[in-house]
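Novice: Chain B: place on chain A using the hints.
In case you want the letters, here they are:
2 protein chains.
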Amino acid sequence: MMKEQVLYDKKFDVHYLNKYGSLMTLGNGYLGVRGALEEDYSEQNRGLYVAGIYNKANENETSELVNLPDLTGIKMEIDGELFSLMDGEILSYERRLHLAMGEIQREILWRSNSGARFKFLFQRFTAKHDLHLLATKLTVTSLDRSATLKIVTGIDAQQTNFGTQHLSVENVRVFNEEVMQGVYKTTESGHTIALTTACKCSLTSDVSFAAKNRRLLTTIKVDLSENIPFTLEKFGNVYTSLDQGQAGKDPATAGLKALKAHAPYGYDALLEKSALEWEKTWQQKRVKVTSKNEFDQLALDYAVFQIEGMTPAHDERFSVGAKGLTGEGYKGHVFWDAEMFILPFHLFTEPETAKKLLRYRYLNLQQAIAKAERNGYEGALFPWESALSGKEETPEFAAINIRTGTRQKVASAEAEHHIVADIAFSLVQYYENTLDEEFMKKEGLALLKETGRFWISRATEENGQLSIKNVIGPDEYTEHIDNNAYTNYMAYYNVKTALYFMEKYDDTDELLKMRGQDFLSRLYLPKPNANKIIPQDDTFLSKPEIDLSRYKVNQGSQGILLDYSRDEVNEMQILKQADVVMLLYLFPELFPSGVVSENLYYYEAHTIHDSSLSKAIHSIVAARCGEHDAAYRFFQEACLIDLGPNPYSSDEGLHAASLGAIWLVTVFGFANISIKNSRLTLNPTLPYNWSELAFPLHWQGATLNIKVTKEHIILTKVSGPEVMIEISGFEYVLSDRMEIAPLIRSKP
Amino acid sequence: MMKEQVLYDKKFDVHYLNKYGSLMTLGNGYLGVRGALEEDYSEQNRGLYVAGIYNKANENETSELVNLPDLTGIKMEIDGELFSLMDGEILSYERRLHLAMGEIQREILWRSNSGARFKFLFQRFTAKHDLHLLATKLTVTSLDRSATLKIVTGIDAQQTNFGTQHLSVENVRVFNEEVMQGVYKTTESGHTIALTTACKCSLTSDVSFAAKNRRLLTTIKVDLSENIPFTLEKFGNVYTSLDQGQAGKDPATAGLKALKAHAPYGYDALLEKSALEWEKTWQQKRVKVTSKNEFDQLALDYAVFQIEGMTPAHDERFSVGAKGLTGEGYKGHVFWDAEMFILPFHLFTEPETAKKLLRYRYLNLQQAIAKAERNGYEGALFPWESALSGKEETPEFAAINIRTGTRQKVASAEAEHHIVADIAFSLVQYYENTLDEEFMKKEGLALLKETGRFWISRATEENGQLSIKNVIGPDEYTEHIDNNAYTNYMAYYNVKTALYFMEKYDDTDELLKMRGQDFLSRLYLPKPNANKIIPQDDTFLSKPEIDLSRYKVNQGSQGILLDYSRDEVNEMQILKQADVVMLLYLFPELFPSGVVSENLYYYEAHTIHDSSLSKAIHSIVAARCGEHDAAYRFFQEACLIDLGPNPYSSDEGLHAASLGAIWLVTVFGFANISIKNSRLTLNPTLPYNWSELAFPLHWQGATLNIKVTKEHIILTKVSGPEVMIEISGFEYVLSDRMEIAPLIRSKP
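Top line first, the protein sequences correspond to chains A and B.
To convert, take the position in the first sequence, counting from 1, and add 296; that gives the numbering used here.
To convert, take the position in the second sequence, counting from 1, and add 296; that gives the numbering used here.
The following block holds chain A by itself, in its conformation from the complex:
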């Protein structure tokens, strides 16, 4: 069945080159390869990224995920005529990302300017069974006559991050007139990267090699006979000095060895191995919906496919960047998106990966403590943006204002502190699911204590009450405000759970416990006002409102900033994204349902949704409020953030958090799971378009399959211990399989 899930690109259009370049990214968490077409187009950006390989161009810049030398480019000439879809005539064109097996296929029927027709099939995958491997297969058939085909391909180190070069060339080699290898080094971080590749041709060819201007290329000349397909298979791999074990010590040797081992299998056999791994993944993690709108399933599969492709599940030293390994947006940095939008997917499908993402924070705890100290606080202040080192990587200044010549300080590193509590929230979520005492006792407790300690030191006293002043909440259109509801509640939860686990594990830091108790008893927590509205911060509700409809039409474009300065936006009731709504999503039982609805309506009306994190969260809260239509509409709109028609919105990479959020909507929204005191509850409310929703779920050591139909909830325990589940207010113990009816789709 999975074989049918395909993302299509049905028309060659230069305007969409980089959108599909992002959408057709293939990755395995170790590396990501943008879906650039094999042949070059001036507008097209190629990209090969390896998790953790960052570099600073100079001391004024922050670390950037390095665009590595390219292995995907193939230049072809047929009887001297350059193959380009801008030239000649495209008789048919189709590119398909086959999600089931993780392969891209592109089929083209093309008439050259000379009038002869040629058929091309391009295939490509990055292996899931061997994270270093990528392979390409090209099949060319001359349909009308014999012809001479010239192919030029190899390793192209002219790639840059939009003009910034991060690599010096250490070595380029050709071994045995067959294997090409380039070894590169990042200029500042000093990582060594070895790229190794070789080509295999189906027909006798004239092959030569040359290195020039940072390119190591092979030229292959072959005579095509009419209707006899020619195939070229290209195997490549990437090893770096960041790799674990022997490979990390000598990436070049590892690359040569791996290439020798792989090449004899051939493209098809290697693809099969990789596809087998994908099959396991789909079995383990796929969310299935039966919807009147088939696109829903595709969007869900696509989200899972790309989250898998960008998560470095192999190595706890890295986490998931805001664009994963799909592009250079946000310089490959890791934000709160990793914990709040990506981690839950892993936690509920493969908890080991979630643990690694949390270990990433633990490994960087000292950097966070150092940042807190530099900023005059205690405990751990995690960086708003981080890369490999765990240091703060947020640029100190935003891009220059080209009209004034000034650069505004980026406030996020200084004030967007909620990330500290977000990490704490994820830790507790991890524990509640896994009951992993060992982790919690060591990493969890250390992180909770230091994040809790941060908040205690962060609060300031006024008239006996504690405030958290001068922060930025998730809504970045409102900067430097006091008592942000999201931040204060999250900080409260952070300290409360820190104290809980200190108690549980007999921690003896009595002073911290005492200070924590005091913090909890005196921290100001904004309450709903007379209109049931929870004030986003101390001043938000008193600010003027404007009609946002014209900006909502072009949401995602930040068009408001063309009409108003950032300072002006800050002084109005304008939201970039869910903020109080985010809080309501995380703590569904904090307020009565009436309050939740009122706040959803109120804040949504003031939200432009210029952030890709906004829609899905609104969908979840709407679903829980029984607003089926709105929930489903928000879900569909969230699915279009990358897959929608805007040709340029994903040029610099996919919206990782948004992909994670699509999964969140199905599980936390429509299936409406929530966790309270280590207990799983389920209150499904399917959209009208959906007749069935099914997904696997890891919960406290058990693997469950959960299926929700219009009439029933069917729970199956595949493995693991008995688990207790609360459904619509009733408690069930699941030991094998059970069917519950007819509780769902009741309005709250």
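A couple of the hints might just be wrong.
Which copy is meant is left open, so a pair is good if it fits within one copy or across any two.
Below, a list of computed lysine-lysine pairs in the BS3-like style, where the Cα atoms sit at most 25 Å apart [claimed, not checked]:
{"id": "1", "residue 1": "LYS352", "residue 2": "LYS481"}
{"id": "2", "residue 1": "LYS508", "residue 2": "LYS792"}
{"id": "3", "residue 1": "LYS371", "residue 2": "LYS307"}
{"id": "4", "residue 1": "LYS809", "residue 2": "LYS1003"}
{"id": "5", "residue 1": "LYS765", "residue 2": "LYS576"}
{"id": "6", "residue 1": "LYS705", "residue 2": "LYS481"}
{"id": "7", "residue 1": "LYS705", "residue 2": "LYS508"}
{"id": "8", "residue 1": "LYS588", "residue 2": "LYS972"}
{"id": "9", "residue 1": "LYS687", "residue 2": "LYS556"}
{"id": "10", "residue 1": "LYS738", "residue 2": "LYS809"}
{"id": "11", "residue 1": "LYS823", "residue 2": "LYS307"}
{"id": "12", "residue 1": "LYS446", "residue 2": "LYS481"}
{"id": "13", "residue 1": "LYS446", "residue 2": "LYS738"}
{"id": "14", "residue 1": "LYS828", "residue 2": "LYS553"}
{"id": "15", "residue 1": "LYS848", "residue 2": "LYS415"}
{"id": "16", "residue 1": "LYS848", "residue 2": "LYS737"}
Simulated from the structure, these hints should not be mistaken for laboratory data.
Specialist: Below, chain B without anything else, positioned relative to chain A:
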């Protein structure tokens, strides 16, 4: 008449993009702009270079002429369709480099995929009256209907030197919603470069600005009415911290000020000012031939045009690189080409420029003395390759051998020492022409003494005779040989002229004089053998010979190195270029004419002409030997080195020395001027195809016009003092105008 001299590019062909990119370079000695088409093609390399702006990418690299941010790129969309000659249909296409006024025009009639026809006229020039200025004009006419045109252009700092980025972005600004400015800094050499530009539109347009990913761009949207042309004029300028005076102190302010001053004139008026300067140049410097083959005149005009464009006549701190300012080949480094192939053109047309090129060496004398010392010699050892600092810039190692992984040491910096004597030769040539005592007393004498001193220390004694061992002559296919004829004779001349000027200017360094006399009396100077052949070095004539015909067919490609290793080539009688022939060119009276002919025949038979410096020198010597056909054939082949049909031979820039050599052939070959004891002699031998050869000549303060026809020599003194000229053995004093006949075309 000059208006008719046009270099045409009559067909859009992606294979020729970079050849024409080099050929259509516009320059003024301060800056050079490659003739890249305005719209992008993936195969196309843009280039903007400023004389003296070099940078080292890292400590292992040598300095490289920096590819600066681009001002020429223009992206156009018509009704959303990207304008590209790869797409749609080209109904007519013609690009013309108008040599007379230094302007490129490109006219295109294009049918978009939508079926509508559009006419484009692109114009571009770099100003000769203001070295910082470049301007573009674009005229678009929609022929069949109204249409929406979107233009994106500005300053693009994503340019690299084949993937190497030399610039950090310091600032990007938009002033008054009109003027864009980018300020950049070279990462190692620390030069500041300011690019300033603005656009002017003929119709009301919707204009916006944005900066992102190293690009500062304006987007202009305009509604085209049927048959009403729309014009966009774009004015740009470049100022750098290397500039003299106030501009060098604040290039950004200088750029803004200049743009304000220039823009109001408009493209046409500015072009006219520039063209006026070109007119003066052509009057001053043009060589005119009346040939049955019109291409001869075009090649000569083209050579003068490009030499003018690449010579930094404004600033003695720079010289002419092997590719001038036309591309990145040889990293923009300065070789002996500057003195031996470029300088004579200037010396005989505008001696002040020749003086500046010699001052470049003088300014770097201390670096040359330091290099000699490091290498264990006395005096001055000028670097084989140099850039701004005058330090040795020859890469220590050649490109890696991709099969062995080893890098061969580049021997030129260690052993290609003839450049020292080449500089000395040029000094004397300069003096003989200008009689510039002031220069000669100071710079000339200092240079001659230190270069002479170098040779004295460079020689080694064997049996009472002095040898110069382990050198490389101009022929780089023969490395590490002893007593290279070219080198020894040139060294002898160097020391001899040093002593002459020491004597003349009462220099008191008696020790140097004594050592010099001893050097002259004992230096081994290879004499013709029994077959009249001057041995190129001690062992050359005893080496085996092979049939070179198949390599001569593909001369210029270094194809021999595909069949033989460098070491193997070294052990055979195989020449890359003229070597003994070069010696015979420089010293026409050193040997009897019979010896000259024999050596020309012998060495030419062993020369592949893989160097672009070879053909023209053979032409000169053949002309002097009365070998009219061979001389003319060599001349024509030399003219094709850049202008010939090979699509890729000039990709990385024009062959500057070859362009200079084309001029040399006409003046030193066909007009056959030579200088002996400060006296000019003239022995013309026109090719059969030519009925007339005329050129201006500066000689000892006088400006002469020399016209050679089949029957007469007509000499006109335009200005300056009386001069003595020897023609075919008779002496004449030229005070006004004289006609001499019928001496020419006599075989020697």
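Novice: All hints, please: hold or fail.
Specialist: Status of the hints after comparison with the structure:
no., hint, verdict
1, LYS352 to LYS481, "both (12 Å within a copy, 17 Å between copies)"
2, LYS508 to LYS792, "neither (61 Å within a copy, 44 Å between copies)"
3, LYS371 to LYS307, "both (20 Å within a copy, 22 Å between copies)"
4, LYS809 to LYS1003, "neither (43 Å within a copy, 103 Å between copies)"
5, LYS765 to LYS576, "neither (48 Å within a copy, 72 Å between copies)"
6, LYS705 to LYS481, "between (32 Å within a copy, 23 Å between copies)"
7, LYS705 to LYS508, "between (42 Å within a copy, 17 Å between copies)"
8, LYS588 to LYS972, "neither (33 Å within a copy, 97 Å between copies)"
9, LYS687 to LYS556, "neither (39 Å within a copy, 45 Å between copies)"
10, LYS738 to LYS809, "within (18 Å within a copy, 85 Å between copies)"
11, LYS823 to LYS307, "neither (53 Å within a copy, 74 Å between copies)"
12, LYS446 to LYS481, "neither (31 Å within a copy, 41 Å between copies)"
13, LYS446 to LYS738, "neither (60 Å within a copy, 60 Å between copies)"
14, LYS828 to LYS553, "neither (66 Å within a copy, 60 Å between copies)"
15, LYS848 to LYS415, "neither (45 Å within a copy, 40 Å between copies)"
16, LYS848 to LYS737, "neither (46 Å within a copy, 79 Å between copies)"
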